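**Q** Work out the full structure: start from the sequences and follow the hints.
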Amino acid sequence: MKLEKIAALVGGVLKGDGSIEISDVRGIEDAGKGHVTFVAKKKLLPLLAESRADAVIVDHEVSTDMAQIVMANPMLAFAKLLAVFHPEAKPEPQIDSRAALGKNVTLGKDVTLSQFVSIGDNVSIGDGAILYPGVVVGPDCRIGDDAVLHPNVTLYRSTILGNRVILHAGAVIGADGFGYVPDEMGLHNKIPQIGQVVIEDDVEIGSNTCIDRATMGCTTVKQGTKIDNLVQIAHNCTIGEHSILVSQVGMAGSCTLGHHVVLAGQVGLADHVTIGDQAVLAAQSGTFRDVESKAVQGGSPSVPAVTWRKYVTILPKLPEMSRKIKDLEARLKAIEKRESDS
Amino acid sequence: MKLEKIAALVGGVLKGDGSIEISDVRGIEDAGKGHVTFVAKKKLLPLLAESRADAVIVDHEVSTDMAQIVMANPMLAFAKLLAVFHPEAKPEPQIDSRAALGKNVTLGKDVTLSQFVSIGDNVSIGDGAILYPGVVVGPDCRIGDDAVLHPNVTLYRSTILGNRVILHAGAVIGADGFGYVPDEMGLHNKIPQIGQVVIEDDVEIGSNTCIDRATMGCTTVKQGTKIDNLVQIAHNCTIGEHSILVSQVGMAGSCTLGHHVVLAGQVGLADHVTIGDQAVLAAQSGTFRDVESKAVQGGSPSVPAVTWRKYVTILPKLPEMSRKIKDLEARLKAIEKRESDS
Amino acid sequence: MKLEKIAALVGGVLKGDGSIEISDVRGIEDAGKGHVTFVAKKKLLPLLAESRADAVIVDHEVSTDMAQIVMANPMLAFAKLLAVFHPEAKPEPQIDSRAALGKNVTLGKDVTLSQFVSIGDNVSIGDGAILYPGVVVGPDCRIGDDAVLHPNVTLYRSTILGNRVILHAGAVIGADGFGYVPDEMGLHNKIPQIGQVVIEDDVEIGSNTCIDRATMGCTTVKQGTKIDNLVQIAHNCTIGEHSILVSQVGMAGSCTLGHHVVLAGQVGLADHVTIGDQAVLAAQSGTFRDVESKAVQGGSPSVPAVTWRKYVTILPKLPEMSRKIKDLEARLKAIEKRESDS
Chain A
0 MKLEKIAALV GGVLKGDGSI EISDVRGIED AGKGHVTFVA KKKLLPLLAE SRADAVIVDH
60 EVSTDMAQIV MANPMLAFAK LLAVFHPEAK PEPQIDSRAA LGKNVTLGKD VTLSQFVSIG
120 DNVSIGDGAI LYPGVVVGPD CRIGDDAVLH PNVTLYRSTI LGNRVILHAG AVIGADGFGY
180 VPDEMGLHNK IPQIGQVVIE DDVEIGSNTC IDRATMGCTT VKQGTKIDNL VQIAHNCTIG
240 EHSILVSQVG MAGSCTLGHH VVLAGQVGLA DHVTIGDQAV LAAQSGTFRD VESKAVQGGS
300 PSVPAVTWRK YVTILPKLPE MSRKIKDLEA RLKAIEKRES DS
Chain B
0 MKLEKIAALV GGVLKGDGSI EISDVRGIED AGKGHVTFVA KKKLLPLLAE SRADAVIVDH
60 EVSTDMAQIV MANPMLAFAK LLAVFHPEAK PEPQIDSRAA LGKNVTLGKD VTLSQFVSIG
120 DNVSIGDGAI LYPGVVVGPD CRIGDDAVLH PNVTLYRSTI LGNRVILHAG AVIGADGFGY
180 VPDEMGLHNK IPQIGQVVIE DDVEIGSNTC IDRATMGCTT VKQGTKIDNL VQIAHNCTIG
240 EHSILVSQVG MAGSCTLGHH VVLAGQVGLA DHVTIGDQAV LAAQSGTFRD VESKAVQGGS
300 PSVPAVTWRK YVTILPKLPE MSRKIKDLEA RLKAIEKRES DS
Chain C
0 MKLEKIAALV GGVLKGDGSI EISDVRGIED AGKGHVTFVA KKKLLPLLAE SRADAVIVDH
60 EVSTDMAQIV MANPMLAFAK LLAVFHPEAK PEPQIDSRAA LGKNVTLGKD VTLSQFVSIG
120 DNVSIGDGAI LYPGVVVGPD CRIGDDAVLH PNVTLYRSTI LGNRVILHAG AVIGADGFGY
180 VPDEMGLHNK IPQIGQVVIE DDVEIGSNTC IDRATMGCTT VKQGTKIDNL VQIAHNCTIG
240 EHSILVSQVG MAGSCTLGHH VVLAGQVGLA DHVTIGDQAV LAAQSGTFRD VESKAVQGGS
300 PSVPAVTWRK YVTILPKLPE MSRKIKDLEA RLKAIEKRES DS
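Protein chains in written order, with numbering that gives the first Met the number 0: chain A, 0 to 341; chain B, 0 to 341; chain C, 0 to 341.
It is worth saying that the hints were derived from the structure and are not from the lab. Please note: incorrect hints may appear among the correct ones.
With a straight-line Cα cutoff of 30 Å, these simulated BS3-like cross-link-like pairs (lysine-lysine) come out [to be verified]:
1. C:K14 with B:K189
2. C:K316 with B:K323
3. B:K332 with A:K316
4. A:K41 with A:K79
5. A:K316 with C:K309
6. C:K40 with C:K4
7. A:K309 with A:K323
8. C:K102 with A:K89
9. C:K189 with A:K42
10. B:K189 with C:K40
All of these numbers come straight from a predicted model, not from anything done at the bench.
**A** This is the structure in structure tokens:
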């Protein structure tokens, strides 16, 4: 592909020879002849002098012999070009004869149902959806267009998936919420979980992640949100648009997240917590209190990240501080004694 | 269903018109005509005035125009009524022709084996058990009456499940414990894990939870215990009756839990730890020491929750405390100098 | 098996009657007639007097009436003897007619493909490999000799498994790394993940563990490393030889671990962190900084374990320390006032 075509494709301004033939996109250090590379971080710019790439995508014109494409977001261009040069292999649409379909299943155009897929009664599956082997879809589910369900995914009954939803292998959507009432004998009586899970368009969910259905009503993941592997989302949670939940995050029941929230790895939320729009919780932090919009917090229980970063540097000094306090007390007592003696 | 029948069913005392027809049970704010609602927490009582429900279940007689059912545990009544008005859909019992059965498999009455279920040799399955698609049962397993194994559950060989056990999708019971012996060359030699897992009656286990089999002997989960999603239980653990393990709890090998223990989300236990009856560990806490019966602990390493709640409020003040100590030292030194100078 | 044969087999020196017939190996307290036991920890030695075993494996000659086998590593002997007396049951090698094979699949000798296994195009599977029911292998994967893939394991395309690799049930290898570029509208644009996962020889991976493939290049787990259940390894990580990752560890993208590293339960690593050879991170610790070879760290963020163990004992005293500082301030101020007054 000619460089000028690439410039047009990523929406950048070409500086240099647009007729160069480009065969791939690579990182600065890996790029060679016929490759376009990119500089997404300022600190990587010095590496450009050493790069053997034929062209570079940058966010401002730089001094180099290479052809350049200048645009605001070189990383975005990189993502687009990866998709161009390395298109994902998709299976040929077909309904494998070894897939098991229930009654009243509605299939869109160009659907792929692989071998050993199970589809319950009254399920509808949109155009272009791909269900890999071992996927199990309970009754009354609705799967949107171009959804991709990787191997061994389970949807419990009545789960709704929007368009272009991607579920990675082993994800479990719609299992019973964890709800019990203890009785006078100390037995835990199961509260029937009669709600469902709704996953909106363009959500991606990682491997072995679990999203429980609501006791009543919906557990909802809104449009564009991305969830990593091994995340736990309990019953009746609502996750706003375009949020990011990193691996091993755990959310207890009835939490509400705004849009563009970021929960870093292993974050924990107690039940009924609300996290405001664009708030960020640092890795391994946890909160049982609401967090305001745009707040950035860390620690467990979480506090503003600035505060957290300061206090953790003091922790190793605690034994010394404790000793100093004892020392101060002794010396002060001595002074007081001398005072009273004199 | 008439309200008087509902009162009898939940074991409450009816105050008001027992002939009202009730079609569903709902939360206070969602309830409308033909619905019975409930007040499980005192603070929700004021909402009752606004509720459009026809009847309410309360733990003491309240002043309202609605018909009332008075009983000790309204939440328990709610759970019972949900099951009445929203009975869980169950598949018709049948052995699907696409299920794969080993030799010498014993099936009770009314068993459901769905398509793509695999049953190993010498397995017995109790009356009314339901195995959803993709379930794999290793040889020599025993599954109790009315057990439910959701899709893609795996039981390794020799696993024993009691009656009414529920395993959610992707749960793995009986995999090898994580045991190795390093040799003089630094290689990790696998210790064969020849034990098994025993899950007693009325245990429910969440999606993608893992319970490893014992090196020798049993990993045991006793009667009535409820385990959430993505929990790790290592080899040779024993979990007492009616305990609650919330999502993402991790227990290392050979831990022992008493009865009615509560481990909140993301709690971690080091190996060989014993947690006494009715003890509670707060979310994200961890311990490498035994915890006494009825203790309530928090933090990592855990301490009594009262202590933990106090010290975490001081953490953000550490930098200030450190500065103050320095200031005190300087001022004290100055006083001491003035003393010695004078 | 005669005791003298056992001594030869484990490479120990026999003291006593080598003609004793041994039928099993057991722990000290469980051993009885016909059993050999072992003492792996000094503190267990006193139990030997009570043991009903016929022979014992010890790391130095002890005073006992039993026959003894003396060798450096009795625990290793135990592991070997467990394998001898309790050999793992393996299925008879066969390609089940209900397994689904793609085009151009290469199978070694004595391969087991169980029912409901799916193999993609261009896959090669080595001699003696066992794939249990529900395993899904994407196209272009390579599986080494004697590899064991337990039920419902998923390999995404192009995954490479070495010889004798063991993957426990529900493990997901090679799913897309969690990589997105936000655009000016706040949408998360997926970065295609075109790399792969390489698992070297003798690696064992626990149930429901997830290892994502690299954005470009490889996510690599080197020879002899053992990974427990529910672990998350993100894209582009490299894990050195003979390391141990305990359950629920989470590693963000592009981390590098040396050889013989130990990450205890629930440890978290931020992205791009390097952990040196033989370093150890204690349970529930986390780091966003590199850790040196042989370092032993604890806490979150982690510090040397010695430091961590000291400061956590002070934490419960923080409220008292805070009060003391206030008291010191008041008393100091009083002295200063008296000084200036006099």
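**Q** Which of the numbered hints above does this structure break?
**A** none
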